[in-house]
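Go by the hints and put chains B, C and D onto chain A.
Listed below, chain by chain, are the residues.
4 protein chains.
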Amino acid sequence: MSTPQIRGVIGYTITPFAADGSVDLAALGQSIERLIQSGVHAIAPLGSTGEGAYLSDSEWESVVRFSQENIAGRVPSVVSVSDLTTARTVQRAQLAQACGATAVMVLPASYWKLTETEIVDHYKAVGAAIDIPIMLYNNPGTSGTDLSVELILRILNEVKNVTMVKESTGDIQRMHRLYKATGGQVAFYNGCNPLTLEALVAGAAGWCTAAPNLIPQLNLALWDAVQKHDLEQARSLFYRQYELLEYVTRRGLPTTIKAGLKMLGLDVGAPRLPLQPLDPQGSAYLKGLLDELAVSR
Amino acid sequence: MSTPQIRGVIGYTITPFAADGSVDLAALGQSIERLIQSGVHAIAPLGSTGEGAYLSDSEWESVVRFSQENIAGRVPSVVSVSDLTTARTVQRAQLAQACGATAVMVLPASYWKLTETEIVDHYKAVGAAIDIPIMLYNNPGTSGTDLSVELILRILNEVKNVTMVKESTGDIQRMHRLYKATGGQVAFYNGCNPLTLEALVAGAAGWCTAAPNLIPQLNLALWDAVQKHDLEQARSLFYRQYELLEYVTRRGLPTTIKAGLKMLGLDVGAPRLPLQPLDPQGSAYLKGLLDELAVSR
Amino acid sequence: MSTPQIRGVIGYTITPFAADGSVDLAALGQSIERLIQSGVHAIAPLGSTGEGAYLSDSEWESVVRFSQENIAGRVPSVVSVSDLTTARTVQRAQLAQACGATAVMVLPASYWKLTETEIVDHYKAVGAAIDIPIMLYNNPGTSGTDLSVELILRILNEVKNVTMVKESTGDIQRMHRLYKATGGQVAFYNGCNPLTLEALVAGAAGWCTAAPNLIPQLNLALWDAVQKHDLEQARSLFYRQYELLEYVTRRGLPTTIKAGLKMLGLDVGAPRLPLQPLDPQGSAYLKGLLDELAVSR
Amino acid sequence: MSTPQIRGVIGYTITPFAADGSVDLAALGQSIERLIQSGVHAIAPLGSTGEGAYLSDSEWESVVRFSQENIAGRVPSVVSVSDLTTARTVQRAQLAQACGATAVMVLPASYWKLTETEIVDHYKAVGAAIDIPIMLYNNPGTSGTDLSVELILRILNEVKNVTMVKESTGDIQRMHRLYKATGGQVAFYNGCNPLTLEALVAGAAGWCTAAPNLIPQLNLALWDAVQKHDLEQARSLFYRQYELLEYVTRRGLPTTIKAGLKMLGLDVGAPRLPLQPLDPQGSAYLKGLLDELAVSR
Chain A
1 MSTPQIRGVI GYTITPFAAD GSVDLAALGQ SIERLIQSGV HAIAPLGSTG
51 EGAYLSDSEW ESVVRFSQEN IAGRVPSVVS VSDLTTARTV QRAQLAQACG
101 ATAVMVLPAS YWKLTETEIV DHYKAVGAAI DIPIMLYNNP GTSGTDLSVE
151 LILRILNEVK NVTMVKESTG DIQRMHRLYK ATGGQVAFYN GCNPLTLEAL
201 VAGAAGWCTA APNLIPQLNL ALWDAVQKHD LEQARSLFYR QYELLEYVTR
251 RGLPTTIKAG LKMLGLDVGA PRLPLQPLDP QGSAYLKGLL DELAVSR
Chain B
298 MSTPQIRGVI GYTITPFAAD GSVDLAALGQ SIERLIQSGV HAIAPLGSTG
348 EGAYLSDSEW ESVVRFSQEN IAGRVPSVVS VSDLTTARTV QRAQLAQACG
398 ATAVMVLPAS YWKLTETEIV DHYKAVGAAI DIPIMLYNNP GTSGTDLSVE
448 LILRILNEVK NVTMVKESTG DIQRMHRLYK ATGGQVAFYN GCNPLTLEAL
498 VAGAAGWCTA APNLIPQLNL ALWDAVQKHD LEQARSLFYR QYELLEYVTR
548 RGLPTTIKAG LKMLGLDVGA PRLPLQPLDP QGSAYLKGLL DELAVSR
Chain C
595 MSTPQIRGVI GYTITPFAAD GSVDLAALGQ SIERLIQSGV HAIAPLGSTG
645 EGAYLSDSEW ESVVRFSQEN IAGRVPSVVS VSDLTTARTV QRAQLAQACG
695 ATAVMVLPAS YWKLTETEIV DHYKAVGAAI DIPIMLYNNP GTSGTDLSVE
745 LILRILNEVK NVTMVKESTG DIQRMHRLYK ATGGQVAFYN GCNPLTLEAL
795 VAGAAGWCTA APNLIPQLNL ALWDAVQKHD LEQARSLFYR QYELLEYVTR
845 RGLPTTIKAG LKMLGLDVGA PRLPLQPLDP QGSAYLKGLL DELAVSR
Chain D
892 MSTPQIRGVI GYTITPFAAD GSVDLAALGQ SIERLIQSGV HAIAPLGSTG
942 EGAYLSDSEW ESVVRFSQEN IAGRVPSVVS VSDLTTARTV QRAQLAQACG
992 ATAVMVLPAS YWKLTETEIV DHYKAVGAAI DIPIMLYNNP GTSGTDLSVE
1042 LILRILNEVK NVTMVKESTG DIQRMHRLYK ATGGQVAFYN GCNPLTLEAL
1092 VAGAAGWCTA APNLIPQLNL ALWDAVQKHD LEQARSLFYR QYELLEYVTR
1142 RGLPTTIKAG LKMLGLDVGA PRLPLQPLDP QGSAYLKGLL DELAVSR
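Protein chains in written order, with the working numbering: chain A, 1 to 297; chain B, 298 to 594; chain C, 595 to 891; chain D, 892 to 1188.
In isolation and in its complexed conformation, chain A is listed as follows (with noise of 0.2 Å):
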């Protein structure tokens, strides 16, 4: 499998829901030409930031398929089909490559906690049902599982369609020892928000993020200081971001990415209970970081 051609700022959508809790198609569309608009070099539908492990397998298919049509190739996309039994993650990374996707994403979801060999096994049977290449999503503290860099380089040597890898566990060595291990070879992609600046400088090849819903061309800006290697720049322009990367990251995703959008002009409801829309406080300091950032964002 050829490298792959995904590189930069790999913007996540959400899922948009109407008043009466079924899926806002509409909504979708416009935030997903929001994001296309801002200039993002990839598109990743039904991440956990969309809310992916919330919905049902009907409107899981709706997402997608909606999805991939308005993305209508102008980017690359990486679609994320993590489920917790095998099955249902083959059939959704057959769907995803159905519609197109470029990619698609999986983390080792699961309830009971697995073997090496069970997770090895589970990537496995992904590949094997599809065509296009893999990005391995390590993100324990949703997952529960936490991939060592020792595993990784299992599964990135077992399964042939496994050429990515996402790292959120916010601790860089990881992606110090992938690098090492690799000899700088394998694409590694920053999930950890207010770990960007650092995770560049150590050679990730793009971020994945939700943050260009809200402040795309400060994160734009981001990512090009850093190839440009304008340390100075680069440092500055994570330094003015850090404190809403750090806020979304940690208070949630769905949750603050979708209070912003109202707060930009996109109403695109609330998020699927348990998750409650952001609280009153909450909301006020979001407010706060949105207007301190309205100039360049």
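Derived by calculation from the structure, the hints in this document are not laboratory data. On a predicted model such as this, the values are computed, not experimentally measured, just so you know. C-beta: ideal position from N, C-alpha, C; glycine also. Any given hint could turn out to be false.
Derived CB-CB ranges, DEER-like [stated by the list, open to error]:
| hint | chain 1 | residue 1 | chain 2 | residue 2 | range |
| --- | --- | --- | --- | --- | --- |
| 1 | C | Ser656 | B | Glu589 | 53 to 61 Å |
| 2 | C | Glu886 | D | Gln1172 | 37 to 45 Å |
| 3 | B | Ser580 | D | Ser1127 | 45 to 53 Å |
| 4 | B | Thr414 | C | Ser652 | 53 to 61 Å |
| 5 | A | Asp291 | C | Ser650 | 53 to 61 Å |
| 6 | B | Ser353 | C | Gln821 | 26 to 34 Å |
For chains B, C and D alone, kept in the frame of chain A given last:
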């Protein structure tokens, strides 16, 4: 709501699968019958052991209907109805009640980290939708959410049909603090097998466990010894079954209980992928433990 | 080495300081006398509670000499001799033996993380230098080093005068595993006050505690109830003293025991800086607990 | 107090021991000379690497006197004066000042967990006793105490000669938050070798490290590359020395640096027991790393 009548050893059912992956209701009936004949004081269908998280909605519905019909009121039942969304948890709780469940169990399952308000409101929504008691279940190892003692007390206070607490952190101090804070009046249950001796001594009203699928007489004898204040006997019985309790808990309940049941003559199939059948090394170890305990099983 | 004869409640001494910061031997004598008169089964000078880590070499020597003279063989004694260097630990152990200690206690104190070989060799060096038994002490909370059950078993095997284990992790599973691995033959002691009921039920040979400085009768009654297998009484006694046990452990033993002794009429001064006397809020809480327990203290 | 003039690579000294266990001042002089000749920007005697915690008072005094005489003002010096008691920390700080130290470093070493007030008052006591700046040192791995960013800010605010912060948690977010909270005005230093690239990029004023005993040119070149904003070069230099930085940090600095110095021709003896010389396997690995880096050491 009156004090719950559920005391003693609460046996968890597995969910058998046929070779084609479908639910094997005939085997489920046999496993329920074994548990009831063994003398357990209550039955808990569709818990963690029952792979409830891995079932489709229609499978889940067929299992709860079939289980309640087969239990047929001979012992109380506690049906696990947890789901990632509040809406589906409510639906499952209502279905369990309609099928005749004595109580439901609710784990604050989550993908995104929930605020305390979101957790309380989740329990309130379930509580308002049903008339039977709720057993609150705290198990950060599977749910990713650790309910502090303070939060549990708040839920007990604000949601009147939450009358029981199943604690599975493995930290006996949680039970001490629940006991002290409620003057010994809240019914708490042990969900951590290798902590059973201590939890019962500390005042637990019951023991939620899948072990009676394999060694019911030892489990019940331990319960009885503590009730009779026969400390010498209780300690001896506990250490006798300790390694098995520790192993099935550490290695995963669906995996080990299904393997053990087959060794004991009841084929309930494999757990659902990504979970795999117990490997040869684990099987040999489990077989050794079961053989050793065979006399007084 | 024969089975140690130390069983029961092992009372820890504080180290009183005069207003000028020097050791107050007169007050030390009184506190030792109080402990012995209360009926504790053994005395442990210079432990964590005794601020051994904060004493100069000459202070340490004067305290061990004075303590042993005042205990005068009326009960067994276990002297804590831990130091960051092996050389000084050996010197202290030899001095303790020369002064008549029944046994010494050794915590693998460390600044740099030690390898398993370094830990084993540390115990070997102490063991080779003395003829009395060693109580191995595991308390990662103060030492920074957590001795696994496997490593403890290795040390028990390789250093013949390590015959006792004091476990202070607060994790009852460590005691279960020690018990099972040695067929109940190793003498283990509880060092985590709020775990006492369970540790004794699980088979602990004793309870290492500073609480008898304040509530000796309750501590001894709990021990006796478990020895008589009176579970109802043991549970009741444990929960009665639970809040005090939990508080002194969590808030720090030198700080709280010194404050409590003053409330009970024995002025032993303040702990040594950076430790400060208990603040007014803590003092009010502790006073309330002591008053409540006063009848059966 | 004016902004500290300490910037760049701050080299830590080891404390050489002769075969009889005594301090080997001649070798110490040679190791200081090597560091200064290599071009480090400052020297830090008696830190963790210098086994300060394992020295007697008189040894400590002789080392600080000798070190300061040999540094002779050619570069600034930061002497670690941490001790378990406040009194002895103050004495050491005063002695360091008397010997000509540019600044002192204070780790909140503890046996008993300290309250925030106790920690602040400890720094106040040291601050009041000397006229030179204090570098606050946060390293929960060795001290057992983790100073939150909020507490560090409070100490910076309340103790006027605390003007520098050495952060060794390995969590880059601490540096981000210090930077943001002080508008980039507090001088923070990286104490976690494998985080150096990122810490410098994030704005650290210096790098506290024992590595210049072995690979000074690579360390200094990395510092220089970041100062010149040469990101490509900085990344390349960092990954080149990464494995050595990671290994000496993980395996223990006195152990590995002493082994490495011997390989490079300077025999500084073994670390003090319980620390042992690097074992053969570790030595072979370290030798391989040093050989590989030899050209540009």
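Tested hints:
1. C:Ser656 with B:Glu589: 53 to 61 Å: 56 Å, holds
2. C:Glu886 with D:Gln1172: 37 to 45 Å: 58 Å, violated
3. B:Ser580 with D:Ser1127: 45 to 53 Å: 51 Å, holds
4. B:Thr414 with C:Ser652: 53 to 61 Å: 59 Å, holds
5. A:Asp291 with C:Ser650: 53 to 61 Å: 59 Å, holds
6. B:Ser353 with C:Gln821: 26 to 34 Å: 55 Å, violated
When the structure is compared with the earlier hints, violations turn up for hints 2 and 6 and for no others.
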